[in-house]
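There are 2 protein chains.
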Amino acid sequence: MKKFFIYLVLAASINACTTKDNAHLNKAEDVEAKDQMALSSWSDSTRQLIEAWVKDVTDTSSPNFIPVPDRIAVFDNDGTLWPEQPVPNQLIFAIANLKALAPTHPEFQKDQVLKGILDGDLSPMKKAGEIGFLKLLAASHTNQTEDAFNLAVRNWADTARDAKFHKLYKEVIYLPMVELLNYLRANEFKTFIVSGGGVDFMRVWTEEAYGIPPYQVIGSYAAVKYDVVDGKPVITKTAGSPYVDDKAGKPQAIHQFIGKVPVFCGGNSDGDQAMMQYTSGSKYKSMCVILHHTDATREYEYDLKTLSGHLETALVEAKEKNWLVVDMKKDFKRIFSFD
Amino acid sequence: MKKFFIYLVLAASINACTTKDNAHLNKAEDVEAKDQMALSSWSDSTRQLIEAWVKDVTDTSSPNFIPVPDRIAVFDNDGTLWPEQPVPNQLIFAIANLKALAPTHPEFQKDQVLKGILDGDLSPMKKAGEIGFLKLLAASHTNQTEDAFNLAVRNWADTARDAKFHKLYKEVIYLPMVELLNYLRANEFKTFIVSGGGVDFMRVWTEEAYGIPPYQVIGSYAAVKYDVVDGKPVITKTAGSPYVDDKAGKPQAIHQFIGKVPVFCGGNSDGDQAMMQYTSGSKYKSMCVILHHTDATREYEYDLKTLSGHLETALVEAKEKNWLVVDMKKDFKRIFSFD
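As given, the protein sequences belong to chains G and A, one line each in that order. Take any residue in the first sequence, count from 1 to its spot, add 60: that is its number in my numbering. Take any residue in the second sequence, count from 1 to its spot, add 60: that is its number in my numbering.
These are computed hints drawn from the structure, not numbers from a lab. Each statement offered as a hint is correct.
Pairs count within a copy or across copies, as identical chains cannot be separated in the list.
The calculated lysine to aspartate or glutamate pairs, modelled on DMTMM-like cross-linking and capped at a C-alpha distance of 20 Å, are:
#1 K343 - D207
#2 K250 - D130
#3 K250 - E268
#4 K250 - E267
Sequences and hints are given; from them, build the entire structure.
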């Protein structure tokens, strides 16, 4: 992914040189040219709305100026920065890790749900509903050290490929959203992920994929336990005190982890509605962006009839509160860097 | 405090100009001169140890080089960045806020412990032990919105003065430690607070006092609740699911909030021992610093016989693991900026 970012920067530089005569650019124009380049995969109308807001709130002479320490931007992950169809990617990892752990965990074979998954049959898990899913999550994500888990995610992120796009999952990320993250950071915003996904799962690859360091990633989690084993400190992941970072859990986690009200929020489902409300309640002029998945060809088309990413009530509130709804088919010139 | 930082920078610049002839400095020497200036309140021996480690781990040609994303430095707060005697400052705030809340909380009068505190008699609280303290904490810190609580802390931080030093509490902070925070940040470390103190209490003033933003402050906390009241989003502090960020709770919280193993740790008590062990377990060459409070005249002298800041087993492990023990009387040329 580093190569990909280098490519982006190079492409932007080359474009800047070929489309404008640099000799005629003063510094301000140069900065503006680069800013526009940054959102080049967005439709003109959405790009202009985002740029207008950023220019307004970063202009010291504007009544809407936001001081740098308060420039907090939060983003959902599944369906906002990367796809969540046909199932969330973390589920793919969970199954892969269950299989990797199985040889040293004979007890998995004694559980109907886990045995089914290991035999390639997901129906016992689906039949068990939420309990089935939580069983898979517990077996694949807990009762192991932070080092072992990080390594498992690292191996998965470096090798596993998306079935539809035939790319590494960490490469199947929305190019316009990566541009938006870069654009906001270039304007001195701090970018955070606030996702229902597992925080330990995300943190391994978010810096490489999105430029977001682990301590700016907030997600669902459970308790960990500290011990000294044979003189060495060990953190072990447990299934205790789970926290689900979804719906009202998102603004609550923003308070707990960030301690400031965001001024920008990106999301794509009703699970993000509460953190958009919270963002809209900022004392500053805020901006919320909702991705509407409308492109069955280039990505997926869904809103109401889907397990992950149900989008309904947030669209109603978007109209009331003037949140920007992005029609991915119309508004994303490119969806992935490999398009 | 901004003035104070500006003063520091100015003083450093003036010193740099008067002690060295700038005309003879090349850029590397200039940087080195500034670095040394940055730890000017430390004894030469401790300053050199810290500088040697920083120079080693930030030198790309050193086998001990630490890449920038992994330069995580964690600091305890009470007794490490500001005093914790005769009682932790947060207790002073708790009593002040209990009094401020009392007129609208007649139920406080019905509780022996709270009524005692309001009448200026702490003995019922002391008699009740930990339960008494938790009663005060719950009454003064929970069942209020994040906005109301932040405002209460802000007012306290802007007006309340330390009884011994007659300065605002947020000014009674250890100058050598502020220099160390600045020095580490100048060398591209991210500085975090990992304290047993309440996170919501600290976050209001840590940016101003130490240059540490709210999202880099980790502390004890309890659950918060998100609601929409009259169309407005509201976060309310509750007493539910308390997390005590002390002892083993510190490395656990570092995993939960930062997601990386620190390479530098500053602390002053056995409560910091676990996070020093965790830091020492880093795959990189790490550094741990323990403040030993030895100066009864300029600050306080304590280690074994104290409620807060008990220091005993950490000193034993410090010898085994080569942690730097700072004798504040000998090693801090100045303790406070107003000394």
